[in-house]
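Student: What follows is each chain in one-letter form.
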Amino acid sequence: MSEHIVKSFDQELLLLDKKIAQMGGLAERLLAQAFDSLERRDPKLGESVVASDRAIDQLERELQEQTILMIARRQPVANDLRHIMTVLKIAGDLERTGDLAKNIAKRALAVSGENHPKSLMTGLKHMTELALRQLKDVLDAYAERDADKALGVWRHDEQIDAMYNSLFRELLTYMMEDPRNIGLCTHLLFGAKNIERIGDHTTNIAENVYYLVHGTTLADDRPKSDDTSSTLIRRE
Amino acid sequence: MDMAVQKSFTQDVTEAAAAKAVKIAARDVNVHYGDKHALKHVTVDVPDKGVMAFIGPSGCGKSTFLRCINRMNDTIPGCRVSGKIEIDKADIYDPSLDVVQLRARVGMVFQKPNPFPKSVFENVAYGPRIHGLANSKAELEQVVVTSLRRAGLFEEVKDRLADPGTGLSGGQQQRLCIARAIAVDPEVILMDEPCSALDPIATAKIEELMSELTERYTIVIVTHSMQQAARVSQRTAFFHLGNLVEEGPTEVIFNNPKEQRTQDYITGRFG
Numbered sequence: 236m237s238e239h240i241v242k243s244f245d246q247e248l249l250l251l252d253k254k255i256a257q258m259g260g261l262a263e264r265l266l267a268q269a270f271d272s273l274e275r276r277d278p279k280l281g282e283s284v285v286a287s288d289r290a291i292d293q294l295e296r297e298l299q300e301q302t303i304l305m306i307a308r309r310q311p312v313a314n315d316l317r318h319i320m321t322v323l324k325i326a327g328d329l330e331r332t333g334d335l336a337k338n339i340a341k342r343a344l345a346v347s348g349e350n351h352p353k354s355l356m357t358g359l360k361h362m363t364e365l366a367l368r369q370l371k372d373v374l375d376a377y378a379e380r381d382a383d384k385a386l387g388v389w390r391h392d393e394q395i396d397a398m399y400n401s402l403f404r405e406l407l408t409y410m411m412e413d414p415r416n417i418g419l420c421t422h423l424l425f426g427a428k429n430i431e432r433i434g435d436h437t438t439n440i441a442e443n444v445y446y447l448v449h450g451t452t453l454a455d456d457r458p459k460s461d462d463t464s465s466t467l468i469r470r471e
Numbered sequence: 002m003d004m005a006v007q008k009s010f011t012q013d014v015t016e017a018a019a020a021k022a023v024k025i026a027a028r029d030v031n032v033h034y035g036d037k038h039a040l041k042h043v044t045v046d047v048p049d050k051g052v053m054a055f056i057g058p059s060g061c062g063k064s065t066f067l068r069c070i071n072r073m074n075d076t077i078p079g080c081r082v083s084g085k086i087e088i089d090k091a092d093i094y095d096p097s098l099d100v101v102q103l104r105a106r107v108g109m110v111f112q113k114p115n116p117f118p119k120s121v122f123e124n125v126a127y128g129p130r131i132h133g134l135a136n137s138k139a140e141l142e143q144v145v146v147t148s149l150r151r152a153g154l155f156e157e158v159k160d161r162l163a164d165p166g167t168g169l170s171g172g173q174q175q176r177l178c179i180a181r182a183i184a185v186d187p188e189v190i191l192m193d194e195p196c197s198a199l200d201p202i203a204t205a206k207i208e209e210l211m212s213e214l215t216e217r218y219t220i221v222i223v224t225h226s227m228q229q230a231a232r233v234s235q236r237t238a239f240f241h242l243g244n245l246v247e248e249g250p251t252e253v254i255f256n257n258p259k260e261q262r263t264q265d266y267i268t269g270r271f272g
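As given, the protein sequences belong to chains Z and E, one line each in that order.
Going by the working numbering, 239 is the number at position 4 of the first sequence; the sequence numbering is gapless.
Going by the working numbering, 126 is the number at position 125 of the second sequence; the sequence numbering is gapless.
Source of the hints: derived by calculation from the structure; they are not laboratory data.
Even for Gly, the Cβ is constructed at its ideal location relative to N, Cα and C.
It cannot be assumed that every hint is accurate.
In silico DSSO-like links for lysine-lysine, alpha-carbon gap of 30 Å or less [claimed, not checked]:
1) K259(E) / K253(Z)
2) K371(Z) / K459(Z)
3) K324(Z) / K37(E)
Per the computed footprint, the stretches of chain E lying under chain Z, defined by three or more beta-carbons under 8 Å from a beta-carbon of chain Z, are [unchecked claim]:
4) 226 to 237
5) 249 to 263
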């Protein structure tokens with residue numbers, strides 16, 4: 236892309252991307268640490284996650300201010316306008332991602348005294364890993380303006396949904412086996428739900444990257460397989 | 002599951018515009034000023050009763066092309082026009098055509114308001130009178146009042162009709178020129194940067210007026226203000242170095258143009 240005649244416009248656009256990269260890096264770190272704090276039952280790490288979510292919130296506020304100011308000042312059109320609007324939307328999705336990670340960390344504090352069944356933690360670990368990879372890929376797709384990569388992320392979310400479904404069933408089974416598991420399992424269930432939601436925010440970002448590159452939107456019939464809202468396990 | 006790319010809003014707009022009747026059809030239009038090839042092989046359709054904007058950097062040929070539409074270029078020595086321009090399927094370069102009649106059908110508003118050094122009334126009455134469009138004094142008055150009303154000026158000047166037109170403010174003078182243009186009941190109004198000498202309020206009034214005028218007239222506007230083109234027009238054509246680079250629904254040109262040169266120009270990247 237050639238440069239603007241007004242150089243300061245290019246500087247401002249670069250700054251937006253830099254902040255998105257910062258936010259993305261923070262969101263990745265928060266999610267990884269939130270899961271670690273849950274797995275290792277480490278309340279200290281959990282507390283630090285809760286604290287560093289504020290940095291993401293702050294970045295989102297800054298991006299909001301800057302994008303609004305740029306629209307007022309520059310009256311951007313075409314790819315410039317798409318760029319600025321995409322930054323605003325991605326910042327929103329990353330901010331939500333940070334919140335969801337923070338929520339997992341809070342649950343880590345709540346269940347830190349409990350004994351975690353290993354198989355449940357393994358399932359949650361896989362979900363986290365996949366969500367992290369998706370998040371990394373979508374941030375790369377944004378930085379490289381790679382619509383195909385974004386499309387790949389968009390299609391891949393189905394896997395997170397599938398993992399969530401099986402974990403959901405597993406957790407219900409545990410709860411039915413022994414009511415003393417209910418406290419822990421409910422927290423883990425919300426943790427899994429949070430990761431599934433992070434996956435959805437990641438696909439939102441992927442859609443925005445696609446729009447940024449092509450100027451057309453993806454249809455809203457993404458392959459979805461989260462069927463937990465209609466799932467019930469009956470005691471035989 | 003198949004991934005479907007949503008049919009975009011802009012596509013709907015394109016289809017709607019395609020359905021509209023063509024008012025002006027230009028085919029392979031070339032203009033030379035002496036040796037200089039100022040306009041190169043321009044082919045474009047201007048739809049009926051709407052606003053079409055021509056944008057592009059200075060010297061790109063947009064004003065040259067605009068002046069072809071009412072044969073104003075005929076008055077420039079050394080200027081040659083080739084190709085074909087039709088209005089309602091009739092060739093306007095037909096040698097048997099009366100150019101004075103053509104310019105009554107295709108009115109023009111210029112960058113700087115240029116009222117005649119006469120009264121407000123006479124400025125508007127002049128055209129209908131020389132074209133014999135009014136049979137009586139009462140009828141002429143009616144035409145003047147109607148034209149001033151359509152130009153959104155009547156309420157402001159109704160007590161000053163005998164005052165000189167040059168005594169009005171810049172924005173009022175420009176609307177007076179528009180009233181003068183529509184007094185002869187044209188079909189097309191050409192506007193060559195009509196707001197570049199006006200303040201934002203006067204500009205907004207002209208833009209509002211343009212949207213009202215599209216009920217009756219086809220408007221072609223040349224503008225250096227991209228925001229203005231985006232606001233007032235339904236179709237936009239981008240010219241560069243005498244070529245028509247891209248033409249399409251305004252939404253497409255400003256959201257997602259096909260040509261790199263268009264994108265570079267509208268986003269301020271032209272070196």
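Student: Give a verdict on every hint.
Tutor: Hint check:
1. Taking the CA atoms of K259(E) and K253(Z), the gap is about 28 Å. The hint holds against a cut of 30 Å.
2. As the CA atoms of K371(Z) and K459(Z) are separated by approximately 21 Å, the hinted pair is consistent with the 30 Å bound.
3. Pair hint K324(Z) plus K37(E) does not hold up; C-alpha atoms about 49 Å apart against a cutoff of 30 Å.
4. With a threshold of 8 Å between beta carbons, the proposed coverage of the stretch 226 to 237 of chain E by chain Z holds, since 3 of its residues qualify and at least three are required.
5. Three residues within the 8 Å Cβ limit are the bar, and the stretch 249 to 263 of chain E against chain Z gives 4, so the coverage statement holds.
Hint 3 from the list above is the single one not met by this structure.
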